[in-house]
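One letter stands for each residue in the lines below.
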Amino acid sequence: MADGSPKTMTLTLHVWRQKNARAAGAFQTYKATGVSPDQSFLEMLDLVNEDLIGRGQEPIAFDHDCREGICGMCSLMINGEPHGPERGTTTCQLHMRHFHDGDEIVIEPWRARAFPVVRDLVVDRGAFDRLIQAGGYVSVNAGGAPDANSVPIPKKEADLAMDAAACIGCGACVAACPNASAMLFVGAKMSQLRHLPQGKPEQTKRALNMLNRADKEGFGACRNHFECEAACPKEIPRRVMAEAFRDYVTAAVNRDDG
Amino acid sequence: MSEGERVVRGAKPPLEVVIDFVRSSVGAKVIMAVTGLALWGFVIGHLVGNLQIFQGPEPLNAYGEMLHSLGHGAGLWVVRAALLAIVLSHIFFGLRLAAMNRAARGPVGYRTKQSLRTNTAAMTMAVSGIVILAFIVFHLFHFTIGGITELPPLDEKGRTDVFLMVFQAFKTPWIVVVYVVGQTLLLSHLTHGTVSLWQSLGLHHPVWTPALRVAGRALGVSIFAGNIGIPLAIFFFWK
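Protein chains in written order, with numbering that gives the first Met the number 0: chain A, 0 to 257; chain B, 0 to 238.
Any given hint could be a false lead.
With a Cα cut of at most 25 angstroms, we get these calculated DMTMM-like pairs of lysine to aspartate or glutamate [to be verified]: (1) K112/B / E156/A; (2) K112/B / D158/A; (3) K11/B / D214/A; (4) K112/B / E201/A; (5) K6/A / D162/A.
Here are the computed distance ranges between Cβ atoms for each label pair [what the hints assert, rightly or not]: (6) R86/A / R101/B: 24 to 30 angstroms; (7) Y109/B / P36/A: 23 to 29 angstroms; (8) V206/B / A60/A: 28 to 34 angstroms; (9) I152/A / F53/B: 22 to 28 angstroms; (10) V180/B / C65/A: 52 to 58 angstroms; (11) N118/B / I131/A: 30 to 36 angstroms; (12) W207/B / I152/A: 33 to 39 angstroms; (13) A133/B / K18/A: 25 to 31 angstroms; (14) P145/A / S114/B: 25 to 31 angstroms; (15) V213/B / C65/A: 15 to 21 angstroms.
Honestly, the hints are just simulated from the structure, not real lab data.
Cβ atoms here follow ideal geometry from the backbone N, Cα and C, with glycine treated the same way.
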């Protein structure tokens with residue numbers, strides 16, 4: 000390493016290992032040596048896995064894809080915080096400079112009945128896909144890309160929709176919620192549509208269908224702890240959940256069940 | 000209702016809509032919020048009535064008599080029945096949500112889990128709620144049904160001597176302790192309730208939500224101060 004570069008770190012990892020969905024899992028302890036502060040958390044795990052493979056052992060399975068903080072695949076509970084200690088950051092964008100030499104790190108999968116563990120740190124987030132199928136869409140033929148500004152939308156409404164649309168569907172909200180509720184995710188997916196003209200006609204029906212689906216999937220009920228808001232790597236605000244409750248009640252009162 | 004209207008407004012009959020709503024988790028939340036709000040109203044009214052003890056025996060006993068004679072004696076029972084229904088719904092749906100949420104975490108829990116934004120009051124709603132229920136039962140046996148301390152004879156005007164009853168009770172140390180503990184748990188319960196109920200009703204606003212939070216917390220502390228003020232004042236200062 001060049002002069003002035005920070006020294007490497009040695010960390011103790013307690014990682015959840017589970018062979019498959021049916022097997023019982025347990026924590027295994029690993030030493031991560033030669034960790035650079037410039038590495039991302041996933042690169043640190045890559046390093047550990049290379050070592051495991053070199054010694055003929057099974058590498059730790061974890062979800063990842065873009066490693067740019069936009070795909071929503073990475074999903075680790077790091078020392079009791081979804082995506083680790085940095086606010087507004089996905090695991091892949093979390094760098095090891097936020098840890099110290101000699102630290103012990105507990106790495107667990109998301110824990111929710113609706114997100115069964117597939118293997119080690121990988122969980123099945125198919126329940127989110129089924130929530131989208133239940134109502135996270137607009138029933139119009141969108142056709143080709145329309146001309147910009149052909150449908151005028153006030154700046155404030157566009158901002159509200161865009162803030163909600165930042166959701167990458169990683170599931171940190173469910174992982175953080177003391178009740179494993181999916182309200183922040185559902186709220187975000189509803190809010191990105193309800194503030195735009197294309198999403199208006201199905202606004203309340205969408206609430207009914209998505210939230211009833213969330214109950215069926217086994218997600219818990221929101222009790223307004225707002226842990227989700229703190230854990231969300233895209234910092235989706237609690238406002239989207241209030242909108243979802245409002246739409247749900249409106250739908251029930253108006254019997255928008257079609 | 001015409002056929003066309005049924006198609007437009009939805010196909011489900013009204014009863015089914017109500018049942019579906021009550022069974023849903025959001026419906027349960029809304030019921031918690033509405034009954035919680037009603038119980039806030041009761042707690043405030045209860046305290047304001049009780050504070051008349053500081054005006055002496057006459058106003059308090061007259062107030063007690065007035066409550067008993069509301070609607071020729073029927074009024075009090077109507078209010079009691081409504082309160083019972085509200086409290087029972089609050090308990091039923093609270094426990095239902097708690098059970099739903101316990102199951103939702105799944106078979107294995109976290110080894111480490113940090114709280115980032117929630118607080119102890121919010122995390123212990125079920126516990127504080129159950130203790131408050133026990134306190135309410137105690138309170139009813141203590142002052143309404145009887146059986147815990149001896150109730151005093153009627154006052155010189157033939158009314159229940161509410162003043163003397165309360166005065167005598169709060170000269171007993173363990174009873175004062177029970178009331179202070181009960182009210183502390185109520186303060187904890189209201190601390191989260193005041194934030195939670197508006198959100199559950201779908202009301203969120205950049206200005207009004209923080210304002211309501213501050214107002215609700217201040218009101219909760221005022222209720223606590225008023226409610227423990229009565230036993231503490233009697234125990235320590237009244238002769």
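**Report entry** Unmet hints by their number, sorted upward, for this structure
**Finding:** Violated hints (numbers, rising): 1, 2, 4, 5, 8, 9, 12, 13, 14 and 15; every other hint is consistent with the structure.
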